[in-house]
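*Asks:* Sequence:
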Amino acid sequence: MTAGDQAFLDTAAFLGRKLCRDALWAGERCNWLGDSMEFVDGNWGVVHRALGPDLYGGTSGIALFLGALHRLTGERLFRVTAEGAMAHALARAEDVPPESRLAFYAGWTGIAYAASDMGLDRALDLVAGAKRDAGANPGLDVIGGSAGAIPLLLLLHRRYRDQGLKAFAVTLGEHLLATARRNDAEWSWNTLDGQTDQDPTGFSHGAAGIAYALLELHAATGRAEFRAAAEHGFAYEARWFSKEHENWPDFRKIAATAPGSGPGYAVAWCHGAPGIGLSRVRGYEILKTDALRRDAEAAIRTTSRYLNHPGYGLQNDFTLCHGRAGNADLLIYAGDALGDQAARASAEALGRQGIEYFRRNDLPWPCGVPGGGETPNLMLGLAGIGYFYLRLYDRAAVPSILILRPPAGPGSDA
Numbered sequence: 002m003t004a005g006d007q008a009f010l011d012t013a014a015f016l017g018r019k020l021c022r023d024a025l026w027a028g029e030r031c032n033w034l035g036d037s038m039e040f041v042d043g044n045w046g047v048v049h050r051a052l053g054p055d056l057y058g059g060t061s062g063i064a065l066f067l068g069a070l071h072r073l074t075g076e077r078l079f080r081v082t083a084e085g086a087m088a089h090a091l092a093r094a095e096d097v098p099p100e101s102r103l104a105f106y107a108g109w110t111g112i113a114y115a116a117s118d119m120g121l122d123r124a125l126d127l128v129a130g131a132k133r134d135a136g137a138n139p140g141l142d143v144i145g146g147s148a149g150a151i152p153l154l155l156l157l158h159r160r161y162r163d164q165g166l167k168a169f170a171v172t173l174g175e176h177l178l179a180t181a182r183r184n185d186a187e188w189s190w191n192t193l194d195g196q197t198d199q200d201p202t203g204f205s206h207g208a209a210g211i212a213y214a215l216l217e218l219h220a221a222t223g224r225a226e227f228r229a230a231a232e233h234g235f236a237y238e239a240r241w242f243s244k245e246h247e248n249w250p251d252f253r254k255i256a257a258t259a260p261g262s263g264p265g266y267a268v269a270w271c272h273g274a275p276g277i278g279l280s281r282v283r284g285y286e287i288l289k290t291d292a293l294r295r296d297a298e299a300a301i302r303t304t305s306r307y308l309n310h311p312g313y314g315l316q317n318d319f320t321l322c323h324g325r326a327g328n329a330d331l332l333i334y335a336g337d338a339l340g341d342q343a344a345r346a347s348a349e350a351l352g353r354q355g356i357e358y359f360r361r362n363d364l365p366w367p368c369g370v371p372g373g374g375e376t377p378n379l380m381l382g383l384a385g386i387g388y389f390y391l392r393l394y395d396r397a398a399v400p401s402i403l404i405l406r407p408p409a410g411p412g413s414d415a
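The opening position of the sequence shown corresponds to residue 2 in the working numbering, with each subsequent residue numbered one higher.
These are computed hints drawn from the structure, not numbers from a lab. Don't take every hint at face value.
What the hints assert, rightly or not - Here are the simulated DSBU-like pairs of lysine-lysine, each with C-alpha atoms no more than 30 Å apart in a straight line: (1) LYS167 x LYS289; (2) LYS289 x LYS244; (3) LYS244 x LYS254.
When you get a sec, could you build the whole thing from the sequences and use the hints?
*Replies:* Shown next as structure tokens:
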């Protein structure tokens with residue numbers, strides 16, 4: 002696979018240099034100040050503070066982007082700053098509460114992913130610590146629990162040939178089986194207790210993300226019960242699919258269109274068609290069923306319409322978690338997995354629009370903190386926007402951070 006438009010790499014490098022310029026150094030470690038939403042004095046508000054160590058909003062996520070940028074550009078500044086960001090993440094890993102350490106995006110397994118990506122030897126220690134602190138009742142979803150950790154454990158198993166990693170992934174999968182709320186052919190999981198009227202759909206917290214993790218376990222182990230559980234999870238979401246919206250409802254109470262009204266229909270990686278589409282594309286790769294392909298194509302159509310809608314201007318969030326870049330990751334993936342060249346072209350067109358509007362006019366890139374400004378982190382900020390441009394430039398060298406998949410080419414799960 003050949004590299005893409007040089008403008009994509011140049012834009013990623015532009016964002017990388019901006020991050021390097023703004024880094025705050027103390028010895029061999031560096032950090033950044035950025036906006037985030039926090040619950041202060043009984044209300045949610047924007048706060049400006051130093052970053053933590055996590056992948057989602059902390060310095061390990063920035064290190065992941067800068068490390069990938071160094072590999073594609075060879076610029077030493079990016080590697081040095083990535084190492085400083087990773088040094089901070091490792092030094093401050095104990096700041097993550099024990100109950101959150103299993104989490105991929107918010108905990109130690111995500112820090113382990115970034116460390117392994119940079120060739121550091123702390124990854125297995127971090128996973129061992131996360132396993133120790135997970136306890137008997139670990140979380141469930143992709144953002145903060147078992148479903149996020151399972152694909153990472155399988156990926157590290159392939160990389161290090163450590164059977165303990167695969168065994169831990171199986172243990173977490175069995176926990177997902179045991180905690181499913183079952184209704185004939187439909188299974189769901191109560192991941193947002195008290196925040197939804199129904200068990201959630203979606204990738205970050207819902208059945209789509211959990212089903213995806215269980216399918217990865219099936220692919221790695223051959224165990225039929227993991228496949229069956231994944232199919233039950235997809236069936237739960239199929240019951241709620243809206244043909245009118247070509248989307249799946251977001252059952253969070255905060256997502257309702259009005260008090261007492263029906264659910265909203267989000268269009269983001271975290272909730273709605275783009276993230277659910279990722280799970281269906283991966284499901285189709287593994288199972289090759291027509292139903293999964295139809296779901297994937299519906300999600301692609303909805304995501305493409307949303308990105309191209311005139312009411313969804315470029316000034317809106319451009320980030321990975323619930324912004325345009327995260328939505329476009331589905332289109333990049335579909336281009337390869339489904340041969341959907343139109344989807345890939347739409348993702349590339351979005352990238353060019355961002356260059357013309359923000360970079361050429363020297364405007365701030367819209368980030369994912371409501372009421373905040375530019376922020377440096379991976380999932381809600383500039384590092385993630387840069388990572389999106391690296392994906393556009395060379396998607397083979399820069400794997401998706403929104404859905405972990407086995408590396409292409411020969412490999413073994415032995």
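*Asks:* With reference to the structure, classify each hint as holding or not holding.
*Replies:* Cross-check of the supplied hints:
no., hint, result
1, LYS167 x LYS289, "24 Å, holds"
2, LYS289 x LYS244, "22 Å, holds"
3, LYS244 x LYS254, "22 Å, holds"
This entry satisfies every hint, going by the numbered hints stated previously.
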